[in-house]
Amino acid sequence: MDKIVVIVNAGAGLGYCGGWTAALEEKFRSQGVEPDITLAKSGDEMIARAERAVKEGAPVVVAGGGDGTINAVASVLAGTETRLGVLPLGTLNHFAKDLKIPLELDEAVANVVHGKPGKVDVGEVNGRIFLNNSSLGIYPDIVRDREQQQKHLGRGKWPAFGRALFAALRRFPFLSVRLKINGDEHLRRTPFVFIGNNEYLQGLTLGARERLDSGKLCLYVAQKPTRLGLLRYAAHALFGKLQEARDFDVLSASSLEIETRHHHLRVATDGEVTLMKPPLCYRSRAAALSVIVPAV
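With the first letter of the sequence shown counted as 1, position 46 gets the number 46 in full-length UniProt numbering; the numbers rise by one all the way through.
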């Protein structure tokens, strides 16, 4: 049997050990391959295993977990010939959904073995990649607050997120930024800046993308909205009319730069928050990642 490297996020506390691992091994064997499974307890361990696999010439490395896990493994594979296989074991699985990768485990394993390679873009900000999106302002603050509640107070992910969202809306902090895009400069004071790897759709498919290979980033910025104004933007997005909303920028480019007077900013990339030093230099790395997608 051919061997395949599989890296599973075991740090999520979902019991990926013992019988579950044996069952996953059998799923791969039934498809004609022998899995080399690593249960990684941290992002550093995932990255180290992926780096070793690439160095050893592995043709495929499979990432099992949520979008953060997929990001960690993809950060190593981007720019190489090694193909990324995806087992969507997270809560939201945006990347898998946008590529029509099956969410059911048996079907996802079959796709890894029998699917076809496809090239997709990755976004990058100051050397850190993102597959879905990056953001500044209110969202990184919410994520940081949620993680602190989970770590120090033992709250579940969604109850902690709800409390963090309420606290952020109560504070409603604004960020002053200078956006450099397509040869123009825009001064904005806003509660959030959102940068998508390719364009996000609106309407009932809010949050999804039709393609991941345009070579473009899409920038979304609200200009000085009130709390009620944010709700109006959400309504515009739901009905596919966000670009018609007043004081809301929707711009696309292969690269852009964000400046601010802050010495450091919290920047979210695929749900992971990192402290970065401005200016924030974003670019699209077109077709930089090879991913196994459904053959039909």
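Simulated from the structure, these hints should not be mistaken for lab results. It cannot be assumed that every hint is accurate.
Unchecked claim - Simulated pairs of lysine-lysine, DSS-like, Cα-Cα distance not exceeding 25 Å: (1) K27 - K97; (2) K216 - K151; (3) K119 - K41; (4) K3 - K119; (5) K3 - K41; (6) K3 - K116; (7) K55 - K116; (8) K116 - K100; (9) K55 - K41; (10) K27 - K3; (11) K119 - K100; (12) K27 - K100; (13) K119 - K97; (14) K41 - K27; (15) K180 - K216.
The model shown is predicted, which means the values in this text are computed figures rather than measured ones.
For each hint, the structure was consulted:
no., hint, result
1, K27 - K97, "holds, 21 Å"
2, K216 - K151, "violated, 36 Å"
3, K119 - K41, "violated, 29 Å"
4, K3 - K119, "holds, 23 Å"
5, K3 - K41, "holds, 22 Å"
6, K3 - K116, "holds, 17 Å"
7, K55 - K116, "holds, 23 Å"
8, K116 - K100, "holds, 12 Å"
9, K55 - K41, "holds, 21 Å"
10, K27 - K3, "holds, 13 Å"
11, K119 - K100, "holds, 14 Å"
12, K27 - K100, "holds, 20 Å"
13, K119 - K97, "holds, 16 Å"
14, K41 - K27, "holds, 22 Å"
15, K180 - K216, "holds, 15 Å"
When held up to the earlier numbered hints, the structure conflicts with 2, 3 and fits the remainder.
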